[in-house]
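Please arrange chain R on chain L, whose structure you already have, making use of the hints.
Taken in order, these protein sequences are the chains called L and R. Residues 1 to 395 (the working numbering) are what the first sequence spells out, left to right. Residues 1 to 186 (the working numbering) are what the second sequence spells out, left to right.
Simulated from the structure, these hints should not be mistaken for laboratory data. There may be inaccurate statements among the hints.
Said to hold, decoys possible - In silico lysine-lysine, BS3-like type, Cα no more than 25 Å apart, as pairs:
(1) Lys117/L - Lys79/R
(2) Lys117/L - Lys70/R
(3) Lys79/R - Lys152/R
(4) Lys73/R - Lys83/R
(5) Lys152/R - Lys138/R
(6) Lys138/R - Lys83/R
(7) Lys130/R - Lys83/R
(8) Lys345/L - Lys333/L
(9) Lys70/R - Lys130/R
(10) Lys83/R - Lys117/L
(11) Lys117/L - Lys73/R
(12) Lys152/R - Lys70/R
Stated by the list, open to error - Which stretches of chain R does chain L cover? Using the computed rule of at least three CB atoms under 8 Å from a CB of chain L, they are:
(13) 26-33
(14) 48-58
(15) 101-109
(16) 122-130
(17) 140-148
(18) 159-169
Ideal placement from N, C-alpha and C gives every residue a C-beta, glycine not left out.
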Amino acid sequence: MSSPAFEQGDAGWPVGTDSFFQPQRAAFWVLTALIVNGLFYTVSMFSMGFRVVPVTAFLGLLVWGLYSLAFFQAFRTLDLLEQHPPEAYVLAFAWGGMGAVYFAAPANIAIQSLCAKLVSPEFVAVWGAAIAGPITEEFLKLAGVILLVLVARNQFQTYLSVLIVGAMAGLGFQVIENLSYTVNSSMHFPLENQVYPVLLNLLTRGLLSGLWSHAAYTTIASFGVAWFLLHPERPMVMRIACALLCFGLAWAMHFVWNAPFLEDLFDGGYGEMAVLLIVKGIPVVIAAGLFWRVAVRENGTYLHALAAWFVPERELIRDDEWVRLGAPMQRYKVRREMGWTFGWKARRLKTQLQREQLRLIRKAGTYGRGAQTLRHEVAIRRLRAELDPLIGAKA
Amino acid sequence: MNEPSRRIPYRTWPGALAVLLAIAVYVGGLTFWDRHTSGSRPLPVGETIDVGQARFIPADGWEMDVSRSKAGKSLMLFKGGHKFLVTTGRWVGGPDGPLIRQQRLMERGQRLSIEGDVSDFVTSWGLQGKTFAYYGSKLAGRFWQVVDLRRKSLVQIDFYGSNDGMDDALTEARRMLDSMDLEAPQ
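Chain L on its own, in the form it takes in the complex:
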């Protein structure tokens, strides 16, 4: 085993990253208090839903819960959740679903009400959602991302580490908003049936809009926060301008989505509505995809540099694995191909191996090599010892 790459720092501060449980920091308590406050609001809102439309509320909770898990699984499959400990995602999701939703409701109502008073109810019917939603919701979701960064600033060393937290805050908002819409729509549904509103909302808000909704917008806005945070060498004006630019882009995409653009070209049928949603959503998903791509590449460069310094042993990270360190899709492709060729067990072992390699690099980058990384080194060797015979036997 190699010795630790460095000793306790010159500056005298302990080596490592801060956890997200920081009771001595004001940002932690602000974040927690606002989440708990939102939790009471959300519980009271859904308890009413359970009393009035119990089937919808229960089924909605189940469906949107599974929907969240599908997103979590997608993030996990791409190893994006390796960026932080689980509590970061819990806090981000809870902020989006509870903290942000709590404040978004009165602010959106006030904006729409003001538009009705100052312009007309007809104006609100057409433009209300586009005017109120984007500015309020993007601001509030991003406020949670900023608080999380304040809580444990040194956890955020790459763009990706900020983007994934932003996406999780957006997902939390999206899921609770969808659940709320589902329950409300059931109370005004043109049928007595309580199941149809759930299915209809799952189709329209979940499947046809899910990929280009809040998670995508907050990803884009979070990139500005990441750039601000990770480029202290740049002039402050430029850093603020970049953050505002990304926020403006997220706002603009949200605005276009909520605005009635293109609606005249499509009739009210479900088929045409699906086409409309896809046409309006594709630019958002492309833009969010580009930001993810930039972040993943930067994360790849970061991982390569850490691995080159801290994990030079080729038995721990082989050349082909090294190349794919910063390419989650390629890592996923290798796992899938391994599953097809060598079976499910080989795929599972390869997944664990890749994950342990990432953990080793990240932990070594944080604390240096030593006793703290031994567990991962042993795990990698054990997994490889199990995997190689499987591959060798069938090859």
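Structure of chain R alone, referenced to chain L:
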């Protein structure tokens, strides 16, 4: 890059306070502005107004609350402490409409009590439906519902307010309902 992360203490209260203040100013400011902006709109005396397929003649002195009205879907009128809300929508269910759901919403959601039984009503224009009265700790009201299966439409009229002056306001609400038909141009 090759230096380890260090857990250097730093202050978060200025940033946290700034975020908190930004949220408070944004949400509180909008709410304050909204509350201090009048949403009442006087209605022309004796003229018909419509919401969706429903149209009726407002009683004298009733004004429109623009912030609680949704174009083509709902119309909120108020006079003093009394409200008259007309909501229209699509209905493709049974002839009783969403009456049970409405009662469940009032009883279980809004903690109101239904007074007596549901009864049928017919207006002088021939509008037919069901109605019931309800009350709560601070208000009382009456709910009317008209289901038109042929047009697949639903009209709900909810009148409520404080007990002071309830009888007069209810008389005016009934007069507005009596003037209602479902022939508004779409």
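Straight-line alpha-carbon gap Lys130/R to Lys83/R, limit 25 Å: Given pair Lys130/R, Lys83/R holds - Cα atoms ~19 Å apart, limit 25 Å.
Cβ contact check, 8 Å cutoff: the stretch 122-130 of chain R against chain L, three residues minimum: Result for this restraint: violated, n = 0.
Outcome, coverage hint (the stretch 101-109 of chain R, chain L; C-beta under 8 Å; three residues): holds (count 5)
Agreement of Lys152/R and Lys138/R with the hint, judged by alpha carbon distance not exceeding 25 Å: violated, 35 Å
Given hint Lys70/R paired with Lys117/L - CA-CA distance at most 25 Å: holds, 12 Å
Chain L covers the stretch 48-58 of chain R, three or more CB atoms within 8 Å, holds or violated: violated (count 0)
Assertion that chain L covers the stretch 140-148 of chain R - criterion: three or more residues, beta-carbon distance below 8 Å: It is violated, with 0 qualifying residues against the three required.
Whether chain L covers the stretch 26-33 of chain R (at least 3 residues having a Cβ closer than 8 Å to its Cβ atoms): The restraint on the stretch 26-33 of chain R holds, since 5 of its residues have a Cβ under 8 Å from chain L and three suffice.
Restraint check for Lys73/R with Lys83/R, where alpha carbons must lie at most 25 Å apart: holds, 16 Å
Within 8 Å of chain L (C-beta), three or more residues of the stretch 159-169 of chain R: violated (count 0)
25 Å Cα cutoff - pair Lys70/R, Lys130/R: Given pair Lys70/R, Lys130/R holds - Cα atoms ~24 Å apart, limit 25 Å.
Restraint check for Lys117/L with Lys73/R, where alpha carbons must lie at most 25 Å apart: Holds, at about 17 Å.
Comparing the model with each numbered hint stated earlier shows that hints 3, 5, 14, 16, 17, 18 do not hold.
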